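Please work from the sequences and hints to get the whole structure.
Take a look at the letters that make up each chain.
Protein chains: 2
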Amino acid sequence: MSTEIKRTELNDLGEFALIEHLTKNFPLQNKSSAKGIGDDAAVIDNGNFQTVISTDLLVEGIHFDLSYVPLKHLGYKAVVVNLSDIYAMNAIPKQITVSLALSSRFSVEALEELYAGIRQACEFYQVDLVGGDTTSSLTGLLISVTAVGQGEADKLVYRNGAKPGDILCMTGDLGGAYLGLQVLEREKQIYLEHPGVQPELKGHDYIIGKQLKPEVRYDAIEQFAKAELVPTAMIDISDGLASEVLHICKASGVGAFVEEGHVIIKQEVFQTALDFRLDPITCALSGGEDYELLFTIDIKDLEKVRFMNDIAIIGEITDAKDGATLHTKGGKIHQLTAQGWKHF
Amino acid sequence: MSTEIKRTELNDLGEFALIEHLTKNFPLQNKSSAKGIGDDAAVIDNGNFQTVISTDLLVEGIHFDLSYVPLKHLGYKAVVVNLSDIYAMNAIPKQITVSLALSSRFSVEALEELYAGIRQACEFYQVDLVGGDTTSSLTGLLISVTAVGQGEADKLVYRNGAKPGDILCMTGDLGGAYLGLQVLEREKQIYLEHPGVQPELKGHDYIIGKQLKPEVRYDAIEQFAKAELVPTAMIDISDGLASEVLHICKASGVGAFVEEGHVIIKQEVFQTALDFRLDPITCALSGGEDYELLFTIDIKDLEKVRFMNDIAIIGEITDAKDGATLHTKGGKIHQLTAQGWKHF
Chain A
0 MSTEIKRTEL
10 NDLGEFALIE
20 HLTKNFPLQN
30 KSSAKGIGDD
40 AAVIDNGNFQ
50 TVISTDLLVE
60 GIHFDLSYVP
70 LKHLGYKAVV
80 VNLSDIYAMN
90 AIPKQITVSL
100 ALSSRFSVEA
110 LEELYAGIRQ
120 ACEFYQVDLV
130 GGDTTSSLTG
140 LLISVTAVGQ
150 GEADKLVYRN
160 GAKPGDILCM
170 TGDLGGAYLG
180 LQVLEREKQI
190 YLEHPGVQPE
200 LKGHDYIIGK
210 QLKPEVRYDA
220 IEQFAKAELV
230 PTAMIDISDG
240 LASEVLHICK
250 ASGVGAFVEE
260 GHVIIKQEVF
270 QTALDFRLDP
280 ITCALSGGED
290 YELLFTIDIK
300 DLEKVRFMND
310 IAIIGEITDA
320 KDGATLHTKG
330 GKIHQLTAQG
340 WKHF
Chain B
0 MSTEIKRTEL
10 NDLGEFALIE
20 HLTKNFPLQN
30 KSSAKGIGDD
40 AAVIDNGNFQ
50 TVISTDLLVE
60 GIHFDLSYVP
70 LKHLGYKAVV
80 VNLSDIYAMN
90 AIPKQITVSL
100 ALSSRFSVEA
110 LEELYAGIRQ
120 ACEFYQVDLV
130 GGDTTSSLTG
140 LLISVTAVGQ
150 GEADKLVYRN
160 GAKPGDILCM
170 TGDLGGAYLG
180 LQVLEREKQI
190 YLEHPGVQPE
200 LKGHDYIIGK
210 QLKPEVRYDA
220 IEQFAKAELV
230 PTAMIDISDG
240 LASEVLHICK
250 ASGVGAFVEE
260 GHVIIKQEVF
270 QTALDFRLDP
280 ITCALSGGED
290 YELLFTIDIK
300 DLEKVRFMND
310 IAIIGEITDA
320 KDGATLHTKG
330 GKIHQLTAQG
340 WKHF
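Top to bottom, those sequences are chains A and B. If you use numbering that gives the first Met the number 0, the first sequence closes out at 343, no skipped numbers anywhere. If you use numbering that gives the first Met the number 0, the second sequence closes out at 343, no skipped numbers anywhere.
Quick caveat, the hints were computed from the structure, so don't treat them as lab data. If you're wondering where the values come from, they're calculated on a predicted model, not measured in any experiment. Errors might be hidden in some of the hints.
Copies of the same chain look alike in the list, so a pair counts if it fits in one copy or across any two.
[What the hints assert, rightly or not] Below, computed lysine to aspartate or glutamate pairings styled on EDC-like, alpha-carbon distance capped at 16 Å: (1) 225 with 300; (2) 30 with 122; (3) 23 with 112; (4) 23 with 122; (5) 154 with 112; (6) 23 with 8; (7) 23 with 108; (8) 162 with 321; (9) 23 with 111; (10) 5 with 111; (11) 5 with 112; (12) 71 with 19; (13) 5 with 108; (14) 303 with 278; (15) 71 with 108; (16) 71 with 153; (17) 154 with 300; (18) 303 with 227; (19) 212 with 122.
Right under this line is the structure:
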């Protein structure tokens, strides 16, 4: 009798299913563990305030390419993408830890650049760097950031609170970060083939900024507090709008529709998409890395958001049986599908 | 005029100096950031309880060698080394996050093994896995663990509270993890040269266990609570006794002496050191990875520790001008020097 060892490739599962599969047998044991895996951040109950914790791993060659990402921008972005997860809980980030694994190819001066970006993010978003770990790697650079935030128990917003009839809203605009990446990748290819040619980035300031130095939506959280609005569900848009709508639908047990014509796509993004022969709405739905917020509100709060700065109403929550759909400008209905990240 | 770009190699600074150098310009902004960089863990003030946070990065090829470290043990160890940092603050770990970067060489079954070890550690130490991130890497496996604990403000123990006259104590015994590693490395070399030869690990159960599946000293923290003892300073022994004594001396602005004859080294450790032509006390001072606790107590608390289980009195805190020294069995006095880790 042969004992065959089963081998399942990581790609067979995909990222979300993999995490679910690996972490399903971890029941929470501590009373203070108010929320575990499955939202933008974990929540720890401290009696009065809740502590919110989120963590991200950025790997050279997978998440960033140092041939066009300045280290200072990388440090900045590594911090703010974590802060985005804390804001997406309707909480305020307060502390971060930063761990690095890096090869000897990096000099102290290179690390100073990276930390200059980390410091700039800490200053702008008023968070404290309180810890970390630094070690070597055999190849490249890896950054692990953990953000810790604070929120009030009855104001934290999870993914699972949306109900039929709720209004679906987004901050800012979508597709820019993805198209910024396309421009940077194109110019890198041209440079590799014709080293004398200067990169042509003119006219792409906005989308390159969205890709290299994104800002995250603390201002939306501030507007909510001012208006005494607590969204019913919220998530940050890191993997594209479609993926995030599906996350809310799954967690809340609801359906949703998105009106294509209401999704905010800037003119520069729209034009660049066409230049690359891409469909602009596809860039918004599947592009990723925009770090805007997607949230739902009770219909009674509609007047509160209607005049908020940089917030758009893009759809509605429906019954689960209706699924998650896109109502196109042409009057058609498409099922939303998640691309997510396919790393492996 | 040429603009010369300065390049300082990471090795020119060393790990501790590098962290200090990079993080010196990060003043704490939030009232809740009770303790930032420079102790076993950061401390966040939540009004009633304090949240204690520690994070570690483990890199394949640097911190572990999968040719002799089973993935289940690796998962277990990755968790407990972080818990050790929380205990070293006299706090109780409650939650962890685990982030992984891994190449496609790993199968889902391999990850299941890793998570089985993580789960075992969570169960034994009663902590909850509440988050993480999973991504791909171009080479090998990298594990980033962050542990979150809870403590009472007036009972947390930092590195900086030792004062002249305090008694220096340690838990357990030292040198075992380092010698366990030597045995595993030796057997790996023999295997590589003579693939037919079975590894000879007999008689080394204890030290191999210390290396592959260390346990950390929650029991010491429990004994402290029971005896109503709050150490004046504490640190976990991850880089060897010498390095940790020096950390306490530097943070507290004191000197210390360690009595060689009082440092606990098990017979198996002692004999294995001699077999490898190593000085046993050097293995204890510089070996690392023992994850015991080093702590200091006020002399008035001496009777409390004298009969505690598995705790030894190994020296005394002195004035800073006396430096940190080892009093050898032969009556000589040596300056303690830190090896720490030289990764780069």
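Do the hints match the structure? See the list:
no. : hint         : verdict
1   : 225 with 300 : within (13 Å within a copy, 53 Å between copies)
2   : 30 with 122  : between (34 Å within a copy, 15 Å between copies)
3   : 23 with 112  : between (40 Å within a copy, 14 Å between copies)
4   : 23 with 122  : between (38 Å within a copy, 14 Å between copies)
5   : 154 with 112 : neither (37 Å within a copy, 38 Å between copies)
6   : 23 with 8    : neither (19 Å within a copy, 44 Å between copies)
7   : 23 with 108  : between (43 Å within a copy, 15 Å between copies)
8   : 162 with 321 : within (13 Å within a copy, 69 Å between copies)
9   : 23 with 111  : between (40 Å within a copy, 11 Å between copies)
10  : 5 with 111   : between (46 Å within a copy, 12 Å between copies)
11  : 5 with 112   : between (45 Å within a copy, 13 Å between copies)
12  : 71 with 19   : neither (34 Å within a copy, 19 Å between copies)
13  : 5 with 108   : between (47 Å within a copy, 7 Å between copies)
14  : 303 with 278 : neither (33 Å within a copy, 73 Å between copies)
15  : 71 with 108  : within (11 Å within a copy, 38 Å between copies)
16  : 71 with 153  : neither (37 Å within a copy, 39 Å between copies)
17  : 154 with 300 : within (15 Å within a copy, 46 Å between copies)
18  : 303 with 227 : within (9 Å within a copy, 54 Å between copies)
19  : 212 with 122 : within (15 Å within a copy, 41 Å between copies)
When each numbered hint is compared with the structure, violations occur for hints 5, 6, 12, 14, 16.
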